[in-house]
Amino acid sequence: MKTIVDSVRTILTILVVVGRPSSLSPNLGAAASEVGPEDGVSFGGGGGQRFLIEGKVSIPYTTDQDWVPTTRVVLDGGQYLGFLKNDGSFTASVPSGSYTIDIAHPFYVFDSIRVDITSKGKIRARRLNNIQPSLVLTIPYPLKIKAKGRASYFQQREQWRITDFLFSPMVLTMFLPFVLLMILPKLINTQDPETQREMQQTMGILNPKQSLPELSEVFTKIFGGGNNAKKAAKSKPAKKRS
Amino acid sequence: MNTLDFSIIFQFAILLFDRNIQCLYEDQAGTFDWRQQYVGRAQFVEYIQGGQSGTRIIVGTEQNVVAAINGKNGQIGWRQVLEKGPSGHINDLKVSGNYVVTASAGGEHIRCFNAISGSLHWESSIPGALPSHPASIQIHGSDLVAVLSYDRIVAYNIEAGNELWSLALTDSTKVKYSYLAFSEEVLYAVGISDRSHVSLNSVRLDGTEKTSRSVAAVWIASDNKCSILKGSHLVCVDKNSGILQILSLANGVNFAPLVLQDVKVDYNKVSFPNLQLLGDPHSPAVIAVEVGDQEYVLVAVENGKARVVKHLPKVAALQVMGMGEQWLLLTARRSDNTDVLNVFGSDLLTGSPVHELSHSIKYPIHHGNPQRLYGTLSKLRDGSSGLSLLTCGEDHSLVLLTHSGKALWTREEALASILSVEMVDLPVSQIMAKMEDEFGTNDNILQMFLKRFSTQLSQLWTFALQLKHRLRIPRQHHAGGSISETERMSEEDSDDDEGLDETYLTRDEFNLHKIIVVVTGPGKVFGLDSNTGVSIWKTFYPSLGTFHRIDRDVLLLFVQRTTAHFPHQPVCTVLGKDKVSGLPIMFSFHPITGLPSESAPSEGRRLNYKIVNAVMLTQMDEHFLHPIVVMDSEKKFHVYPQSDVDLVKQFSASLFMFTTDIETGIITGYGVELDKKQQLIGNPLWTVDTNRNLQAITKVVTKRALEHVHSQGIVLEDRSVQYKYLNPNLIAVLTEGEEAQQKASAFFSVYLIDGVTGNLVFHCTHKKSKGPIQLMHSENWIVYNYWNQKQRRMELAVLELYEGTRQSNATAFTSFHPPPPPIVMRQAYIFPGHISALATTITEKGITSKQLLFALETGGVLGLPKLLIDPRRPEVLSQEAREEGLVPYLPELPRPADHIINYHQSVFNIHGIHTAPAGLESTSLVLCYGLDLFYTRVMPSKMFDVLKEDFDYFFISSVLIGMIVVSVITQRLAVRKALNRAWK
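Residue numbers (the working numbering), protein chains in the order written: chain L, 9 to 250; chain Z, 1460 to 2443.
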């Protein structure tokens, strides 16, 4: 994983992207050369032999045929186009070369495909992989393209739910003590002398007031004793502020 | 496996930046955005009558679109956009039954569409077709389709789509076969051999050749216009002499000439007579010859002889149609510069008028003259026949006129060819203007008090009105984003009502409501309401033609004065060239009302020299008007308005201009000087030769003058500042070429040149890469895309320029004392898709982070934050980089669906994106234009300056009220308790 990422990185960080098929596995390089890159293929349109790319698009999520006329098969960003017949099939006549196929529909998303045609007319289809163009993951030809799903163009709006409200920190900090203060005393019968005694005991444990000195007293002891120390402590932040 | 890992990383990256960018909620769709779909200028129009779906009008257009338009309301029933450019150009379109057959690119694509649904029925391709040689189609009976291409005739069965036969034509290298016609059971193919002869081939319906002969015609040229009349006669016009030549296809040996001079046509005026075939194949053999401007001659042909039937002076458009057994001639003419179109119907053969078909119909002046008519008759309930007439106007509009004297619907197809866009602020409301007025006067206190009191009262009143309006609006907007692009007549009537509502066309709170001024190819200028997309005004300038620059048409639009300078009126100026003389022409108008501006002549200001360059100065004169400076081919400068010459002279020392010569590949920079006669003249200062032999200049991109850069630099992790190289004079020049040694290996270069000194700031070359390249230049960065031939993928490169840790001149940038060569940071990314237009958002103060907008060929407009297209994205995310907020480098950019700003409102063939700032810093207004229009607002850093639109007012106020109520109640309870205790 890491090596491949690194090799792609080095290729890409150089702005003039120099392809380095050697850094990829030699088998893949051979596979690519068998198909033949664009070199030697005329793209002028007209002239030259043309080959037919065939395929069929289907959307399993819908039963009606309304999607057919609004779907376009876009080859190489619109250089060639395919239009769908009623059954979802399409053809596109192109010269030999390598083409990316995108299915454009407003509501559904499809996987992009690359189709390679040799000069003899041998056709091979594979999943489009922009990062490693020579990696071949063939898919059956003639193409059978299924919609991946509906495109989620929109964010989900947050809905107001009672649980969200109740468990929000604000509510928890505000209402929980309130509940404890109001309801707990009611639960315990404060009139009962036994419980009163019990409570006093527990309070005594919780509030060891007698043993600990008051916080304010501690401060007065510290600062009241030496005026110099107090002044020094106060002047420091003042300086910083200026 | 690896791809899987990558996708996981992508998702992580998406999560990272997802928080920073505004995405739409589903209920927001259509609230502030709108889309309009167009078809373009109609070339072929066919009617399909009746059926379940009513009357449908099938059109084939110059913009390579085949579409069906609903005859009732003018909306698009279905639309298929064919390939861009010549490979999708529609040569011919024919309708038979429920099928539409089109031939494009000389027969490379023969397609048959279902006329009801718009889906493809079958398609085929003729081998050896040449895109430069237009194909033609003929349909015989109800099943045979014959297509004539460069060197053969191919016949198909229309139902099954199978090829029935194919016949090669002889000598196709010399003979240009262009005309095809059926006559009974014979198919004729006619070819023209330049200055020599005409070849006639007749073919039987089973594909066997019957005869092949040629007729001498020395006068004929291959670009001659000919027509085949009723499958029996070939009619050509000899361009030089203006003689009509007629040949019978079946047995004609020689062309029979018909001298049109007999009809007393002033032949000196006729430059190039056009032939227009009238009527359907069953109508009498009559042809209309356009002999002059709005002047026609009707010629009837019988047995190889022709005779002039009628001379029709002053007719804009005409058509022949059948009514029962009768053949009728319809002519249309605008009655002198009024909104009325006079339609006359007459019997074709006898010439007697038919009153049923003669109407005066309202046809607004902004459509220009009708160019073509397509009439149909329908039986009305009372037994009389009603006429509905589709007109294609000079402004590319399609208007369906009815016998009631009104337009049923109008399609403004000019908007499919927008060339320039500006968004103009609306003026402040009268009350606001009055408020500001207050500060200038010297009234006494009582007057001032009364004035203030009255303005504030009226402010309250308008607020109440607005509240009422706002309560009414949501119901109107219920239809969501489906604003119809057709303006029905009722809407046009309501335009007058809108005029009454004065507050509508005033600036809103956040200046989000604007007028979008668009200039279109046919010379029609629109003022669109940015909230709804409806045109508020439209003006047609019939003489306004376009400049042609590199690969596209150009019309320049300047906002010379904005609405900010009350009481001065705002002024917009459009600069183009005269369609006839080819000399520059300028029109000035008020951008809010569309009326011609008072200071400029309404028929346009004609300039009598060849224009080389035109710019609008950023400086203003004493009337707050930005002067336009035009350089002519003799390097003289002209200033408009002329009174501002002194101002320009004052600034001449700091005024520089550059010109790009595409032919020679030389860029020249000029300074402005005064010659002996005290006239402004250009002084060449520098030249840059891009070496035309190797490469051609394809793009020159400057920065937008309006742009503000808020921060001068970026803070690095060590707290030092990297200052941006903000050279306002920097121009980016793109050149493309082919490698000489290697076959089919393209390269391109990017040059960054200082526009004042000609200093080459930076230069880089991409090998084995080709266009189409889109380049964007903003702040201190440049982004462009290209096709990597080697890796066969689209890549996006970014350059960022920095001065370094020291800024050489903090107050102003000067090109004469430039800082040391900038540090250039660059990186490339894989872009998952093909880009047809590229733009960046612009905001009022430039504080909001930038978002890049990509119009994709698949119909979406993708908005990605600049953060992702940053050359400093590190390979390994260190602590420092994380502190700076950098996203780790990933080779491929993501394309998440929720960043498609036009969601499912796909738009096609977008060739430009215009962005404009709104009054809110967070918001940028976007108009994507091409075949379709899409307008929206984008918030690249979310709406940080306004409460979120889903802010829960109800919850907050209910909590507040609840608290108050509770406190009041508890107080009372406490009082009662205290009282009770006191009593105990």
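Mixed in with the good hints, there may be bad ones.
[Said to hold, decoys possible] Listed below are the simulated BS3-like cross-link pairs for lysine-lysine, each with C-alpha atoms no more than 25 Å apart in a straight line:
1) K93(L) with K156(L)
2) K2226(Z) with K2249(Z)
3) K2135(Z) with K2226(Z)
4) K2162(Z) with K2038(Z)
5) K2401(Z) with K2325(Z)
6) K93(L) with K152(L)
7) K130(L) with K2249(Z)
8) K2249(Z) with K128(L)
9) K2436(Z) with K194(L)
10) K2443(Z) with K194(L)
11) K154(L) with K128(L)
Calculated directly from the structure, the hints in this document are not laboratory data.
Taking the hints in turn, this is what the structure says about them:
1. K93(L) with K156(L): Holds, at about 20 Å.
2. K2226(Z) with K2249(Z): At roughly 9 Å apart (the allowed maximum being 25 Å), K2249(Z) and K2226(Z) satisfy the hint.
3. K2135(Z) with K2226(Z): Distance ~50 Å between K2135(Z) and K2226(Z) Cα, so the pair is violated.
4. K2162(Z) with K2038(Z): Given pair K2162(Z), K2038(Z) is violated - Cα atoms ~31 Å apart, limit 25 Å.
5. K2401(Z) with K2325(Z): 14 Å, holds
6. K93(L) with K152(L): 14 Å, holds
7. K130(L) with K2249(Z): Within the cut-off at roughly 21 Å; holds.
8. K2249(Z) with K128(L): 21 Å, holds
9. K2436(Z) with K194(L): With Cα atoms ~18 Å apart, K2436(Z) and K194(L) stay inside 25 Å; holds.
10. K2443(Z) with K194(L): It holds: about 22 Å lies between the C-alpha atoms, which stays within 25 Å.
11. K154(L) with K128(L): 29 Å, violated
Comparing the model with each numbered hint stated earlier shows that hints 3, 4 and 11 do not hold.
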